[in-house]
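**Q** Sequence:
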Amino acid sequence: MTDLISVEEPTKWGKATESSATRYSRTNAPQHGLGNSLSSMMKISGGQHVLVTACGPGNDALAIAQIVGQSGRVVGFDLDKHSIDRAREALEKHPDLKPYVQFHVADAHDLSMFAGQTFDAIHCNASYHWFTNKPLFLAQVATLAKPGAVIGIATQDRNFQPPMLDLRTEVLAELGENAADFIFHPTPTEMRRDLGDAGFGDAKLLGYYGTYALESAEAMWNWMNDSSGNRFGNYLEEGKRERMMQMMLDRFGGLALKDGKVVMQFKHIVAMGYYGH
Numbered sequence: 001m002t003d004l005i006s007v008e009e010p011t012k013w014g015k016a017t018e019s020s021a022t023r024y025s026r027t028n029a030p031q032h033g034l035g036n037s038l039s040s041m042m043k044i045s046g047g048q049h050v051l052v053t054a055c056g057p058g059n060d061a062l063a064i065a066q067i068v069g070q071s072g073r074v075v076g077f078d079l080d081k082h083s084i085d086r087a088r089e090a091l092e093k094h095p096d097l098k099p100y101v102q103f104h105v106a107d108a109h110d111l112s113m114f115a116g117q118t119f120d121a122i123h124c125n126a127s128y129h130w131f132t133n134k135p136l137f138l139a140q141v142a143t144l145a146k147p148g149a150v151i152g153i154a155t156q157d158r159n160f161q162p163p164m165l166d167l168r169t170e171v172l173a174e175l176g177e178n179a180a181d182f183i184f185h186p187t188p189t190e191m192r193r194d195l196g197d198a199g200f201g202d203a204k205l206l207g208y209y210g211t212y213a214l215e216s217a218e219a220m221w222n223w224m225n226d227s228s229g230n231r232f233g234n235y236l237e238e239g240k241r242e243r244m245m246q247m248m249l250d251r252f253g254g255l256a257l258k259d260g261k262v263v264m265q266f267k268h269i270v271a272m273g274y275y276g277h
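Numbering (the UniProt record's numbering) for the sequence shown: 1 to 277.
It should be emphasised that the hints constitute simulated quantities derived from the structure, not laboratory data.
Be aware that one or more of the hints could be misleading.
Capping the alpha-carbon separation at 25 Å, the derived lysine-lysine pairs in BS3-like fashion look like this [unchecked claim]: (1) 267 / 43; (2) 81 / 15; (3) 43 / 204; (4) 146 / 204; (5) 98 / 81; (6) 43 / 146; (7) 204 / 267; (8) 98 / 146; (9) 81 / 93; (10) 98 / 43; (11) 240 / 15.
Pair ranges (Cβ atoms, derived) [as the list claims (entries may be wrong)]: (12) 71 / 147: 16 to 22 Å; (13) 188 / 263: 21 to 27 Å; (14) 110 / 69: 27 to 33 Å; (15) 253 / 147: 52 to 58 Å; (16) 146 / 209: 30 to 36 Å; (17) 178 / 143: 33 to 39 Å; (18) 45 / 189: 27 to 33 Å.
Note that beta-carbon positions come from the ideal geometry of N, C-alpha and C, so glycine has one too.
Can you build the whole structure from these sequences, using the hints too?
**A** This is the structure:
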């Protein structure tokens, strides 16, 4: 496989820990389901070279490796080194994939370590809303895209604010904390514009609503933190963190079903564009 440019390893994402990354590797089924759907919509196929951005514990990348086969290539990266450790551990369980799959620690805003490499497809699942500078990310991956390469992005629509985030904003305000700088959802208009500006034309966007239920309020609290590098609430100092957790657990009751499961609501956007079109 192509050699990498040597660059300084970036700082880890948020307050992610080894335990949160390990737990997320077991609870990211909703994100992985989106990732499989995105791969199908992108028409990823045998022999392709695929870049999997912000790949987390590697589930999407390993599934894509099964599609592209030994004549293809899959490179996954994530800012959280603990998640990349989980991805590499998962790869060890699939020795047949090791010759054509790699995982690296890298920042979506600086992909210089991959300079000189090119890809047929750029797969960006359930992570675009964490990127603080989306045009920069798109400009970075454009330098790695083959002519006609497809980029697929599955994210959330800023035009719909999930009730869970409203509760977070409310609780943090009561605690005297800033709720901003957590998540950066785009709008469809922004996505189409930014894709076009980066050279990804013929953009196609699909929006739809989805839900996800977890067995308890505590499970939802853990999932929100594990999915965000502990940036949902676990970043707070210990005393305030415990207060926030209890306040959130109390208010999750308004999102609970009769059996006690807590429901998260989303509006998803899936966008695809083609480099040079």
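**Q** For every hint, state whether the structure bears it out.
**A** Each hint tested on the structure:
no.: 1; hint: 267 / 43; verdict: 23 Å, holds
no.: 2; hint: 81 / 15; verdict: 11 Å, holds
no.: 3; hint: 43 / 204; verdict: 14 Å, holds
no.: 4; hint: 146 / 204; verdict: 19 Å, holds
no.: 5; hint: 98 / 81; verdict: 19 Å, holds
no.: 6; hint: 43 / 146; verdict: 16 Å, holds
no.: 7; hint: 204 / 267; verdict: 17 Å, holds
no.: 8; hint: 98 / 146; verdict: 24 Å, holds
no.: 9; hint: 81 / 93; verdict: 19 Å, holds
no.: 10; hint: 98 / 43; verdict: 23 Å, holds
no.: 11; hint: 240 / 15; verdict: 15 Å, holds
no.: 12; hint: 71 / 147: 16 to 22 Å; verdict: 20 Å, holds
no.: 13; hint: 188 / 263: 21 to 27 Å; verdict: 24 Å, holds
no.: 14; hint: 110 / 69: 27 to 33 Å; verdict: 30 Å, holds
no.: 15; hint: 253 / 147: 52 to 58 Å; verdict: 53 Å, holds
no.: 16; hint: 146 / 209: 30 to 36 Å; verdict: 34 Å, holds
no.: 17; hint: 178 / 143: 33 to 39 Å; verdict: 34 Å, holds
no.: 18; hint: 45 / 189: 27 to 33 Å; verdict: 31 Å, holds
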